[in-house]
Amino acid sequence: MASSSYLVRAIVKEHSANQTNFAGTYNLLVKGKSMPSPVGSPNPLESTTFEDASQTFVEGVQTSDAQEITGNLEKEHLQRINALKGKELDIFYLYGTDGVGGVAKYVRTCTAIATPSDVGVDEVLEMTVTVTPTSSAEEVTDDYVVTDNGDGTFTVTTA
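To convert a position in the sequence shown, counted from 1, into my numbering, add 1.
Some clues are possibly wrong.
As the list claims (entries may be wrong) - Below, a list of computed lysine-lysine pairs in the DSS-like style, where the Cα atoms sit at most 30 angstroms apart:
no.	residue 1	residue 2
1	34	86
2	32	76
3	34	88
4	86	76
5	76	88
Hints listed in this document are in silico derivations from the structure and should not be mistaken for laboratory results.
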């Protein structure tokens, strides 16, 4: 069954070097308005030879550029994200209208910084959270349970 983008979220917590999984207490990253896919396409490597009638390719590494999540500019989120500047973070991308990743969950480690977006006349102020990956994103939909605590925090446990 198809789902809408209602309540698609990114949640974040500071990474701990001695952790064995991604369980813990997370905060809403930002009340998002746009969210890039956490996984990129594999880099196509051309493998065509003189014997081939058309180009052929093999799968290379998956691309993983810095990503920008856009949301309304809110002081609380701006300052919380920037207090984590330079620290390694765990981030969950939650897909599904239940707000806790009932359709899909992805997790990775990253760094993040928030900045106000460009503004024009008569616009809602927005901010951009730039997420720079430090690991590959993993699909973990059935591996973790996310509970919305109703106060902007989320509890993540292993399934």
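We went through each hint and held it up to the structure:
no. : hint       : result
1   : 34 with 86 : 22 angstroms, holds
2   : 32 with 76 : 12 angstroms, holds
3   : 34 with 88 : 24 angstroms, holds
4   : 86 with 76 : 15 angstroms, holds
5   : 76 with 88 : 20 angstroms, holds
In the structure shown, no violation is registered for any of the earlier numbered hints.
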